[in-house]
Structure formats: C-alpha cells, structure tokens
Amino acid sequence: MELGVYSFGDVQRNPETGELGSTAEAQRNLLEAIQLADQVGLDYFGIGEHHTREMPASAATVILGAAAATTKNILLGSAVTVLSTDDPVRVFQQFATLDALSNGRAEITAGRGSSTESFPLFGHSLNDYDDLYAEKLDLLLRLNESESITWEGKFRPALNEALVVPRPENGKLPIWLATGGNPNSTVRAAIAGLPVSYAIIGGDAERFAPLANLYRQAVEQVKVPGADVRISVASPGFIGTDAQAAKDLWWNHYHEAFRALGEIRGFPAPQRAGFDRDANGKGALFVGSPEEIAERIVALHGAMGHDRHFFQMDLGQLAQKDFLSSIELLGTKVKPLVDAALAEKAEAPAETV
Amino acid sequence: MTEPKVIGILGAGRVGTAIARRALAAGYEVRIASSRPASEIALVLQFVAPGAVAASAAEVMEASDIVILALPLSKYRSLDPAALKDKIVVDAMNYWAQTDGTLPEFEGVPTSSAVIADHLAGARLLRAFNHLGYHEMDGEARPVGDPERRAMAIAGDDKGARAVLARVIDRLGFDPVDAGPLDAARGFAIGTPVFGAPLGRKELQAALGVPLAA
Chain A
0 MELGVYSFGD VQRNPETGEL GSTAEAQRNL LEAIQLADQV GLDYFGIGEH HTREMPASAA
60 TVILGAAAAT TKNILLGSAV TVLSTDDPVR VFQQFATLDA LSNGRAEITA GRGSSTESFP
120 LFGHSLNDYD DLYAEKLDLL LRLNESESIT WEGKFRPALN EALVVPRPEN GKLPIWLATG
180 GNPNSTVRAA IAGLPVSYAI IGGDAERFAP LANLYRQAVE QVKVPGADVR ISVASPGFIG
240 TDAQAAKDLW WNHYHEAFRA LGEIRGFPAP QRAGFDRDAN GKGALFVGSP EEIAERIVAL
300 HGAMGHDRHF FQMDLGQLAQ KDFLSSIELL GTKVKPLVDA ALAEKAEAPA ETV
Chain B
0 MTEPKVIGIL GAGRVGTAIA RRALAAGYEV RIASSRPASE IALVLQFVAP GAVAASAAEV
60 MEASDIVILA LPLSKYRSLD PAALKDKIVV DAMNYWAQTD GTLPEFEGVP TSSAVIADHL
120 AGARLLRAFN HLGYHEMDGE ARPVGDPERR AMAIAGDDKG ARAVLARVID RLGFDPVDAG
180 PLDAARGFAI GTPVFGAPLG RKELQAALGV PLAA
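Here the protein sequences come in this chain order: A and B. Here the first sequence is numbered in numbering that gives the first Met the number 0, starting from 0 and rising by one per residue. Here the second sequence is numbered in numbering that gives the first Met the number 0, starting from 0 and rising by one per residue.
Excised from the complex, chain B in its bound form (with noise of 0.2 Å):
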C-alpha cells in the first residue's frame, strides 16, 4: 500500500491523546472518536492535542489508513468488524484485572489480541504501544540514531502491515521491532520483563528471541 497519511485513533483518554501527540508532530493527519460528544472532544484536543480533528467513530474508522485502538477494554464490542475490514488495526489495549475487572473471555488467553482479532476478524489486527507508559510516550520519543531511542514492538499476523506500521513507529519517535505473528505479543505482555522496562532496539530484540539481524 502507499505509505498512511491519516492515522485514526478510537478512544481520547491518556493513552490515544499520547499517540495523537506523536503522530501530529511526526506529520500525520490524526482523527479521534471517543464515547464523549464530538464537541467535548474537539474542545479537549484544541489543548491536548492540538491539530487533531475530532469526529464519530465511524468517520474515523472510514476515513483512516491506520486505525488505533485506544478505548477501554471492555468496550472492545462496541467495534464493528465490518467497519474494520481489511484495515490495519492497532491494538493498543491491555487487560488488566486488577484495575479495569474481570473480563471472561479475556482469561488464560495468551495475548488480549486473540480476542481482539477474533471479533474483528478481517481486520489486519496488529499489537503495539501496549508496553509502553502513556507518559513515555511524550517524553522518550527520540530522532533516529539517537542512543536513548527506546524501542517498541509489533506482533500480528499481516507481514505486510507490520512493515506499514514499523515506518510509522520509526516516524513516531521509536525503534520499531518486528516480532512476528500475534501470538509473539504474550512476550512484551504484561508481568514480562519487557512491559515498561526502558530498552532499545537490541535489548528488545533479544528479549524477544528476534534474530538480530532482521
């Protein structure tokens, strides 16, 4: 495909604000949907992220190369795989228990993303952000080269789009990792010693079992 212009981000709290910060400074055009009215978010974004448009849900999700997902968990329902279909889709959601409740369908699964592709089946479902800190996300974007990039890792199934998003990981300010498959997510999940900790490209990629080399 040709390189995204428009990032779409579902969710406008601490985290999908992050991202829009990031991608407007990196040149993207970004569009946010959240369950508040479009009016208290364009009146939210005009201080937090300023640039980005707000809009509904489905404009977004029509009108986006990249759709990221932002929103609370247990919301994930409330997205329509048609909608999504053949889009690249991010999944930037973690399943936390202990803060957000017990979610069934989410237990003893290896990474949260299974069930996010299995309901968006069609969709090219990807995992990233997830193991990082919103506030990381302002504060340890670094220019190419520079020795404290941290790095970031992307898992999914769609090659294709892996590669689509590393460049614009690249872009955001961080040193994209390929992991592979989705399944390759369950190792920068949660309680692994790669979720929040500070590592750059090499570190990630031997935490990750990632041949150097790649």
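Next comes chain A alone, as it looks inside the complex (with noise of 0.2 Å):
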C-alpha cells in the first residue's frame, strides 16, 4: 500500500521562542517536508490549497514544482485542489507542467475543499457550489483526454479547438476525486471513471468502508473503459516513538487547530475525551506509536481495501522539528510493519467462514 503525508502549509511555532513563523517560512517548511518525505521512501504528497494566515498553502504547484526538481520517486499532487474556484485550463496546465517537471510524478485531487475562502477570493458565489463544481470538473476530464479541446459552459468562456499543452508524461494525468462522505460523491466518481479520496477526519474510520463497497459496486455497474480505479483515504495523523507522547504533544495542536475553526464556524472546542477515543482503535486519527499506527492501518486495509493512506500532520502550529520526525518515522518504520503485515495477509490462505 501506497502511504504519503499531505498538507496545508501549516504556520508553525518555534518551541524554544514561542513565535509564530511567518507565511512565507511555511512554504519553505512545505518544500523541506516534501524532500524528507522522498528520502524515507514515502509514495505520495499533497498539498491542499488554503488561503489563510494560518495554512497559506495558496499556490500548491509553485511549491509541488520546487519539490519535483529537488526529489526523485515520490508522486506529488494536490489535497486538493478547489476546481469551483479555479480555471480547470489553468489547473491542467500548471499540473500537466509539474507532470513534465517530475517525468510523470504529477497527481490531481479534484475536490470541494472544506475550506472556503477562495469563493469571495475569486469572485465566485458560493450559492453556485454544485454547479461550479459539476462544470469544471467536466471541463478538467475533458482536457485530460485530448490536447485540444471545443467545450462550452455557464461560468468560463468557450473554447474553440483550443490547443492545451503540456501533454501529460504519461498519456493522462491521475485525476482523483476526493469526498468527505457523500455517498453521491462516491456514485460520481465511479460513474467518471475515477478514483476516489476518501477524507476521514473523525469519528469511526470504519464507517466508510461500507461507500468502498458501494464504489467497487457502482464501478462495476457502470463499466467505463479504462476506468482507474483506487481508494485512497486521507486521515489526520501524527507518529511519535513513544505511543502517549505522540498523543499529548499532537492533542494540543489539534485542540488549537478545532478551536479556532470553531470559533469561525460556530462549533465548540474538541474535548480530550473525543480525541482520545479517536486517536485509539478504528478512531479516525491515527496518532501513536509506529507499531499502533501501522496496525491501525492494516486494520483499516481490512475493512476498506484502501490503496493508499496518507496523513495530515501539521495542524495547530506543530513544530517543523515534530512535523520532520513524524515523516521520518511514516517512512523508515511505519512503512515496512505495513509491507511486512499485508505481504504475510496476501500469502496467507484464505479463511474460511
């Protein structure tokens, strides 16, 4: 199984001084993030376009183009990118030029994003929400298929046999569809073909294994030609050596994180004793040790059959050293226990029931 980290572009405190790093050092961070990431031999990382002081990871390419020319195996994308408020000629390009930067390491996750602060950004409404969406995504598939491209729209001029260039390395680029749950959103990838994201940030992990099963069954339903068809789930998560370290460090910076998107959005402050049945067993977070962690992975792999597991990690102004560790840690002990447990699943025969 394919494991990653993603992000978006987290500020960060310095422990010793107490002072918030600025916008700009978090890009930096980002880059720095992404190179250890490929050194530790982790599959993928993305990164989620935000506009706020708190994540201003905006302009995900520019950095996701830093680390393609500074790193070597791993699969760069987007978690994801706001394709309502976007120009899906200008998303294509710029990915279709990271794609050729990284000879072909170049992924999209196409989503609404929970974050919404590029609408008033942008100068769209988010009344038009679904329709925005159901047009650019359109609009993004078609450029995928072929370099020129006559299509029209409601929100974006018409293109006439418009030429769109670069061509993607490989043919096309992975298009993946993210989702927080709607199970109308797991019918729609499986009807255009794509793979699915799935984002699950709290509450029992398990509980979307049933919307795998309904997508692998949608998928077969509909047979489209050529259909890429992969689970991915995103999930917060933090490793520490030390299982209860881990989770008392990372507590506070997603106590920190929640409050103050709480305090925006009208909902109260995490309470230790929900992160804690959470961050444990078929919890959504996966914060704890290595062993715990990959366990919970290979338990979740059970349920759903997920083909890749990737993980915020930088919530709540986490240090850059904590953030950097965790990485080191997904890669060099998460990774193998993982490897090693599904390896030994796949040899196993089969149980009867």
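Don't read these hints as lab results, they were simulated from the structure. Every value quoted in this text rests on a predicted model; they were computed, and no experiment measured them. Any given hint might turn out to be false.
Across the chosen pairs, the derived CB separations fall in these ranges [to be verified]:
| # | chain 1 | residue 1 | chain 2 | residue 2 | range |
| --- | --- | --- | --- | --- | --- |
| 1 | B | Gln97 | A | Gln92 | 43 to 51 Å |
| 2 | A | Ala268 | B | Leu102 | 24 to 32 Å |
| 3 | A | Asp137 | B | Glu58 | 29 to 37 Å |
| 4 | B | Gln97 | A | Asn72 | 38 to 46 Å |
| 5 | A | Glu262 | B | Lys74 | 25 to 33 Å |
| 6 | A | Arg155 | B | Asp117 | 32 to 40 Å |
Over the 10 Å line for every Cβ pair with chain B, so calculated as not near, a few chain A residues [claimed, not checked]:
| # | residue |
| --- | --- |
| 7 | Glu15 |
| 8 | Thr16 |
| 9 | Gln26 |
| 10 | Gly202 |
| 11 | Arg258 |
Covered, in the sense of this in silico footprint (three residues per stretch, anywhere, with C-beta under 8 Å from a C-beta of chain A), are these stretches of chain B [what the hints assert, rightly or not]:
| # | stretch |
| --- | --- |
| 12 | 11 to 24 |
| 13 | 38 to 46 |
| 14 | 190 to 197 |
A virtual CB, placed ideally from N, CA and C, is assigned to each residue, including glycine.
Hints are included, so try docking the two chains, each in its own frame, into the full complex.
Written out as structure tokens, the structure reads:
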C-alpha cells in the first residue's frame, strides 16, 4: 500500500522562542517536508489549497514544482485543488507542467474543499457551489483526454478547438475525486471512472467501508472503459516514538486547530475525551507509535481495501522538527511494518468463514 | 395519533443516510428521496442504509408518518406545502452561510426553522437532529439508561408532535429533551454552547433552561 503525507502548509510556532513563523517560512518548511518524505521512501505528498494566515498554501503547484526538481520518486499532488473557484484550463496546464518537470509524478485531487475562502477571493458565489463543481470537473476531465478542445459552459468563456499543452508524460494525469463521505460523491467518482479519495477526519474510520463497497459495486455496474479504480484515505495523523507522548503532544495542536476553526464556524472546541476515543482503536485520528499506527492502517485496510493512506500531521502550529520527525517515522518504521503485514496477509490462505 | 411506523427522509446525503441507519436499526420502515434518480439512490442505499426504500419525494411525503428534512437548505422551496399539510415534519437542516452561501431570508432570523415553518404553513413542524454531527448519529447512539447516552433537543409549537418525536428519538438511541416552542430552537443553534457538544439529558436541559422535572 502507498503511504504519504498531506499538508495545508501550516505556519509553525517555534517551541523555544514561542514565536509564530511567517507565511513565507511556511512555504519553505513545506518544501523541506516533501524532500524528507521522498528521502524516507514515502509514496505520496499532497498539498491542500488554503488561503488563510494559519494555512497559507495557496499556490500548491509552485511548491510542488520546486519539489519536483529536488525529489526522485515521490508522487506529487493536490489534496485538494478547490476546482470550483479555479480555471480548469489553468489547473491542467500547471499540473501537466509539474508532471513534465517531475517525469510523470504529478496528480490532481479535485474536490470541493472544506474551506471556502477562495470563493470571495476569486469572485465566485457559494450559492453556485454545486453547479460550479460539476461544470469545472467536466472540463478538467475533457482536458485530460485530448490536447485540442471545443467546449462550452456557464462559468467560463467557451473554447473552440483550443490547444492545451504541455501534455502529461504518461498520456493522462491521474485525477482523484475527493469526498468527505457524501454517498453521491462516491457514485459520481465511479460513473466518471475516477479513483476516489476519502477524507476521514473524525468518528469511526470504518464507517467509510460501506462507501468503498458502494464505489466498487457502482464501478462494476457502469463499466467505464479505462476506469482508474483506486481508493485512498486521507486522515489526520501523527507518529511519535512513544504512543502516549505522541498523543499528548499532538492533542495540543489538534485542539488549537479546531478551537480556532470552531470559533469561525460556530462549533465548540474539541474535548480530550473525544480526541482519545478517535485517536485509538478504530478512530479516524492516526496518532501514536509506529507499531500502533501500522496496526491501525492494516486493520482499516481489512475493512476498506484502500490502495493509499496519507496523513495530515502539521496542524495547529506543530513545530517543524516534530513534523519532520513524524514523516521520518512514517517512512522508516510504519511503512516497512505495513508492507510486511500486508504481504503476510496476501500469502496466508484465505480464511474460511 | 398511533405510533409512527414509517419514517420518510428527504435528502440522501450524509445526514439523511445517517438518520436512516438509526431508524432502520430501531425497527422503523424508512423511505428516502433525493434529487438523484431513484435507481441511483437505490444503489447507494443498498450499501449505506440497507433496508431503506428509495422513492420519489411525493411518495415519501404521502407514505410516511414523520418526514425528516435533510436536504440542502437552499432547496427548501422545492418542498410542496400541500403535501406536508398536517404531517409531523422535522427540520434537521442548518443555515451555514460560510459554507453554503448567503440566503437573504435566513439572515438575522432567530432560528432557520422559522423560515421553513412559514413556507410549510399547515405542517406540524419540529426542529431536531441539527445540533448533532452526522458521524455522531452513527457513533453516539446508546441504549436507554447508558450513562454515556447523548441528549437531543426538540422544539416546535405542536406539543403532541413533540411528544411523538421524543419517543422516536428515544428509540433511535438518544435522550429526547423537549425544549418547548419552535422559537426555543435558538437555544441549540450554530454558535451556541449546545451545538456539537457532547451533552447528556440533564446537561442539555440545564443549558436550554428546561425544568429538570419535565
């Protein structure tokens, strides 16, 4: 199974001085994190477009471009591109260029995104949320099919035999559809022949297993030629050598992130009891020691059969050194444990029920 | 009225399907409609709420003893007031301008349900389910008497309807708290300490100022 990291480019607080880093420093920290993820053998790094002072990764492809030139193997993607408020032509050109610079390692994950700052920023109305997304996804998928396009829609000037280059190294860019669990989005991915990426950020992670089954069943029914049938899972997570110390440290940052978000959105700050429930057993927060996290990834794989699992570690001003240490443990400790456990499962004779 | 047997849900997204699962587990018959074609809803239900029946909105409203509104709030005008006349209708929707866009008629009103009540004049409108997250609907349901059982508030101007829904919510796995008339829904709206908070019956009653003996 592929393992990786995603980030919204959090600004970070220096634990020694207590000072909050600049939004510019956050971009450099993110590049450093991607380079380390590549060095420790992780498969994927995604940057989630955000436009806030706390999470200033607004131009993901620029950072990924710098990463393309300084990494060897890691896949580089968005998690997610807020497609509704961007021009699909520009999105495609940027990721196709990233693909060229990285020799075919670029991916797009399209989604609605949970934050909505890009709507006023780029002059779109949240009231058009559904229509914008549907139209722009349609155009992006068409652009991925051929270099010349004739297209007409509501939110963008028509295209008449327009040439869109460069073209992806391997013919097409992988385009994932991200969803937070609305079953209709799962069906949409299946009908479009796209891989699906589940954001599981709270509660019991296995409650997404029926959606994975729905996805596979819908794929089976619609039979899209050349469909890319894969499932990925994105979760909050943090790995430390000691399980309890990792949970105690990360709780502070988790609390800070969701307290601040709750203040804006009108929900209360998280409580430790809820955090501990979700950060253990079948919960959606993958926080703990390498052994524990490996076990929990393998357990969820048993329920969902996902192909990729990646983690948001730098939340709530986590210090860069802790972010890097968690990335290193994911690559050097968790990944070999997961690989070994899944290989053993594959070799074992099927259990009779 | 006799006890409800059929729960109808309008909206097959995360909230609608979560309520459907709880209702099925409690032994109710469940019918769901959404803006998607019935064949697509049926496929979805087969996996996320097996046993629930996909139907048209008209069929759901006609055949159900209680109708739960779990559609995007901006679509509320698509609801036919005549079809819901005299029905117990439960508004589970929230007005969340920051994620769903501004809807002028909901700006500055004490509870978004007041707008729904105006539109559905004639329905026995209640407000419930809205202060619990959809993933809590699955994870937090508990049997009667469990010390960790969460409470759920009900508001509405029809006392009899509130009592019927209270018994349903109890069967779904939550302690019902009768908050009183629809206007009391402002006490568990977005931004209040109650919204999204893990509260038991007594804590919720205290937070809403409901007499503990009630």
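Quick rundown of the hints versus the structure:
1. B:Gln97 with A:Gln92: 43 to 51 Å: Since glutamine 97 of chain B and glutamine 92 of chain A have Cβ atoms about 31 Å apart, the given range 43 to 51 Å is violated.
2. A:Ala268 with B:Leu102: 24 to 32 Å: This hint holds: roughly 28 Å between Cβ atoms.
3. A:Asp137 with B:Glu58: 29 to 37 Å: 31 Å Cβ-Cβ, so the 29 to 37 Å window holds.
4. B:Gln97 with A:Asn72: 38 to 46 Å: 39 Å, holds
5. A:Glu262 with B:Lys74: 25 to 33 Å: 29 Å, holds
6. A:Arg155 with B:Asp117: 32 to 40 Å: 37 Å, holds
7. Glu15: At roughly 35 Å from the nearest Cβ of chain B, glutamate 15 of chain A sits farther out than 10 Å, so the non-interface label holds.
8. Thr16: 34 Å, holds
9. Gln26: Holds, since 26 Å exceeds 10 Å.
10. Gly202: The claim is violated: glycine 202 of chain A sits with its nearest Cβ about 3 Å from chain B, within 10 Å.
11. Arg258: 12 Å, holds
12. 11 to 24: holds (count 4)
13. 38 to 46: Coverage by chain A holds here, the residue count being 5 at a Cβ distance below 8 Å.
14. 190 to 197: holds (count 6)
In terms of the numbered hints stated before, the structure departs from hints 1 and 10, listed from lowest to highest.
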